[in-house]
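Position chain B against the provided structure of chain A, taking the given hints into account.
Given next are the chains, with one letter for each unit.
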Amino acid sequence: MKVLVEKISQALSLWLFKGFLWFQSRPSIVKQALAGKHMTPSSAVDELPESGRPAKIRVAAVQMKLGLVKDDHARIYAETIYRLTKEAVEQGAQLVVFPEDSGVPLSGLIPGLEDLASSGLDSAVKEVSGGETKVADVFRLLSPAVKRIYETTFSTLARSFRVYIISGSAYLEDDDGKMRNIGYFFDPDGSIIAKQRKLHLLPLETKWGFEPGRELEVLDTRLGRIAFPICMDATYFETFRIARLRGADIVVIPAANNEEYLFWRTMRGIWPRVQESQVLGVSAHAVGNLIGIPFTGRSGLLGPLELTQSEDGYFTQADTFYEEEVVVGDLNLDALYQFREENPLNFNVRLYEKYLPGLYEKGQKQRTQTV
Amino acid sequence: MSAQALSGITITKNGTITFANTCSTSDLLIEYLQGETTEAILLTRVACIQLLSRRRESPGDFLLRLTYLAEHATYDGAQLIVFPAYTAFAYLTLAYPEAQLYFGPGLAQGIRRIWPSYGASNFNEFLDFFKGLARKHRTYIVPGTMLTPTGNGVTNTSYLISPAGTTIGTQQQTHLNRDERGSGFVNGDDLQVFATPLGNLGFAICEDAWYPEVVRILTLKGAQIIIAPIAVPKPYSKWHQVRGMWQNIQQNQVFGIESCLTGFLGGVEFEGRSTIYATCEMTPGDTGVLAQAKAAHMEDVFTAGLDFIKLGETIRRFDIFSQFNVPLYKQWFPHLYREYPPH
Numbered sequence: 001m002k003v004l005v006e007k008i009s010q011a012l013s014l015w016l017f018k019g020f021l022w023f024q025s026r027p028s029i030v031k032q033a034l035a036g037k038h039m040t041p042s043s044a045v046d047e048l049p050e051s052g053r054p055a056k057i058r059v060a061a062v063q064m065k066l067g068l069v070k071d072d073h074a075r076i077y078a079e080t081i082y083r084l085t086k087e088a089v090e091q092g093a094q095l096v097v098f099p100e101d102s103g104v105p106l107s108g109l110i111p112g113l114e115d116l117a118s119s120g121l122d123s124a125v126k127e128v129s130g131g132e133t134k135v136a137d138v139f140r141l142l143s144p145a146v147k148r149i150y151e152t153t154f155s156t157l158a159r160s161f162r163v164y165i166i167s168g169s170a171y172l173e174d175d176d177g178k179m180r181n182i183g184y185f186f187d188p189d190g191s192i193i194a195k196q197r198k199l200h201l202l203p204l205e206t207k208w209g210f211e212p213g214r215e216l217e218v219l220d221t222r223l224g225r226i227a228f229p230i231c232m233d234a235t236y237f238e239t240f241r242i243a244r245l246r247g248a249d250i251v252v253i254p255a256a257n258n259e260e261y262l263f264w265r266t267m268r269g270i271w272p273r274v275q276e277s278q279v280l281g282v283s284a285h286a287v288g289n290l291i292g293i294p295f296t297g298r299s300g301l302l303g304p305l306e307l308t309q310s311e312d313g314y315f316t317q318a319d320t321f322y323e324e325e326v327v328v329g330d331l332n333l334d335a336l337y338q339f340r341e342e343n344p345l346n347f348n349v350r351l352y353e354k355y356l357p358g359l360y361e362k363g364q365k366q367r368t369q370t371v
Numbered sequence: 372m373s374a375q376a377l378s379g380i381t382i383t384k385n386g387t388i389t390f391a392n393t394c395s396t397s398d399l400l401i402e403y404l405q406g407e408t409t410e411a412i413l414l415t416r417v418a419c420i421q422l423l424s425r426r427r428e429s430p431g432d433f434l435l436r437l438t439y440l441a442e443h444a445t446y447d448g449a450q451l452i453v454f455p456a457y458t459a460f461a462y463l464t465l466a467y468p469e470a471q472l473y474f475g476p477g478l479a480q481g482i483r484r485i486w487p488s489y490g491a492s493n494f495n496e497f498l499d500f501f502k503g504l505a506r507k508h509r510t511y512i513v514p515g516t517m518l519t520p521t522g523n524g525v526t527n528t529s530y531l532i533s534p535a536g537t538t539i540g541t542q543q544q545t546h547l548n549r550d551e552r553g554s555g556f557v558n559g560d561d562l563q564v565f566a567t568p569l570g571n572l573g574f575a576i577c578e579d580a581w582y583p584e585v586v587r588i589l590t591l592k593g594a595q596i597i598i599a600p601i602a603v604p605k606p607y608s609k610w611h612q613v614r615g616m617w618q619n620i621q622q623n624q625v626f627g628i629e630s631c632l633t634g635f636l637g638g639v640e641f642e643g644r645s646t647i648y649a650t651c652e653m654t655p656g657d658t659g660v661l662a663q664a665k666a667a668h669m670e671d672v673f674t675a676g677l678d679f680i681k682l683g684e685t686i687r688r689f690d691i692f693s694q695f696n697v698p699l700y701k702q703w704f705p706h707l708y709r710e711y712p713p714h
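Those protein sequences? They're chains A and B, same order as listed.
Using this note's numbering, read the first sequence as starting at 1 and increasing by one per residue.
Using this note's numbering, read the second sequence as starting at 372 and increasing by one per residue.
Pulled out of the complex, with its shape left as it was, chain A reads as follows (with noise of 0.2 angstroms):
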């Protein structure tokens, strides 16, 4: 830390840089730039049912190109999030989704952060410390800053618009001082109605000192029963078995997946959770490259074989996996429920009750120990 500190110094003490952070990320900047902006309140919202689950919902997943934002953070940024949640909801979205990793293009408010990382990240920041900050304690430095632009932002465009958002995801400090991937969902007040911890996180997420989440949030909305883990959560039945035993109908995944886009490895994710819990399916992809890290995968919405056109458990999709686009259709909850009690999910609770829980610490040990 004593090297980036000093590193940070020579141009600005590090009191001076958290102060021009501080200023970098003042609200009225993001309503500023949001004020001027032709925002007419959706009715989409108000057709939906005020108690029990609406027939079907109309979903937009935002398949946001990344990219540092590099000056004028907050109301560049803020302007990006009202033209994709713009074109979300002229389709009429009622729900719109943004990947993971949405709040990391204001990472760009670190001066000069493209040109350190050029060598990656990690060793950018061993470079600048001599090896005792982890990548997390940057986020850490960033994250009041990136925390105001970030909830202002999604905040002031959900009321403006009268939709629900959830926004994806940023690098966090959370309540308990730990540093996490967290995703916020917005109702049309602009409220924040509950925050999702990423639960699963890859190895380079551990290495980098962030903290896995702990609870699963299944939440009642005017949408339906909602969850929204992030990611890599999808790769494990867990999250969205507890999801759907738990009520959930509707499980979104806000995603970012930083490798060559190859068709079979990304059906390891949300398709195969939504056809073995039988629920309805989002996925909103983060595109493009930041900080020298691509960016693939197609969004879409998903559901069980059986309630797709053509049998291939998509509504729809993106047309790319590059390119930024915003990916609108219809949920059909109706249609779900039918095809819940027409095919049941016919569970052995005897045989869960002998290794579930209790087997996973002895079979992941098993597998260090082995391999």
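Just so you know, these hints were derived from the structure itself, not from any lab.
As the structure is a prediction and not an experimental result, all values here were calculated from the model.
Misleading hints may appear alongside valid ones.
Far from chain B by the CB rule (all over 12 angstroms, computed), these chain A residues [stated by the list, open to error]:
(1) Lys37
(2) Ser42
(3) Asp122
(4) Lys126
(5) Thr133
(6) Asn289
(7) Leu333
Here are some of the chain A residues that sit facing chain B, going by a computed Cβ distance under 8 angstroms [to be verified]:
(8) Ala44
(9) Pro272
(10) Leu356
(11) Gly363
Even glycine gets a Cβ: it sits at the ideal position worked out from N, Cα and C.
Same frame as chain A, but now just chain B:
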């Protein structure tokens, strides 16, 4: 990898091939990595039989066909041969057509009715036949599944036969769909993992392949190869297959052998495309498929090598199990299952 679980074939510099049944692959791997041996460790070779069930065929011809299929597999070097679900039931229906055994209400009762007189002896005959094949070819054989009486119904049970021609163990299907329940099937309540020199084997039978809990439990118990004797009514759906065994293999980082029944049996027409699976990272074109039947409606035999060294490398690059959120699972399992369906 388990220290005593694996073996395969080794090939020396001068081309001599030896079966390493007395020496585990893990031991060889350690020696190989330490430079103490120059032997290349090859593969555990497994065979998948896609059986075409016919409405009319003499029991003798049926067994002859099975013999041919097994021999075909052993010519390709198979050390483990897997037949599809209901292979034994197919033999029973051919041997006793007058019993009129059809899937649906009355099936379990029908099997129970004929069991004392000729069902049991027919089944023993069938098992003895496979034990003979296993001995002859010195291979492990899974002769698909058999419907055997239990309580008021029948269980769909698979058998693992050793190269010595003995039954190592059995596994009952643990999850049933509505049609199977309607036919009087009763599910088993446990999952076994069998340690063999080829690797640790576990079974996911028919509907079990579509419940991720099954392969997760098997893998947590140490299974490295999942054997899936399958029979799915037509029409064949590639995506239905992907949401079954394919995804189980990916999310548990193990090998899978899915052997499908095709053709007519018990009043139902079956289709399926048998497949030998590995993780995407280990397969050509990243497909997760090592080998696959040519079509979903015809008989086929094919083999593939299971490379445990590559599997180890894949897991070391990213061990899915290392990121389990055990506190989360402890909070909700197993009581949530008891409360299903949610209110």
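Results for each hint:
no., hint, result
1, Lys37, "holds (40 angstroms)"
2, Ser42, "holds (31 angstroms)"
3, Asp122, "holds (16 angstroms)"
4, Lys126, "holds (22 angstroms)"
5, Thr133, "holds (23 angstroms)"
6, Asn289, "holds (22 angstroms)"
7, Leu333, "holds (15 angstroms)"
8, Ala44, "violated (28 angstroms)"
9, Pro272, "holds (4 angstroms)"
10, Leu356, "holds (4 angstroms)"
11, Gly363, "holds (3 angstroms)"
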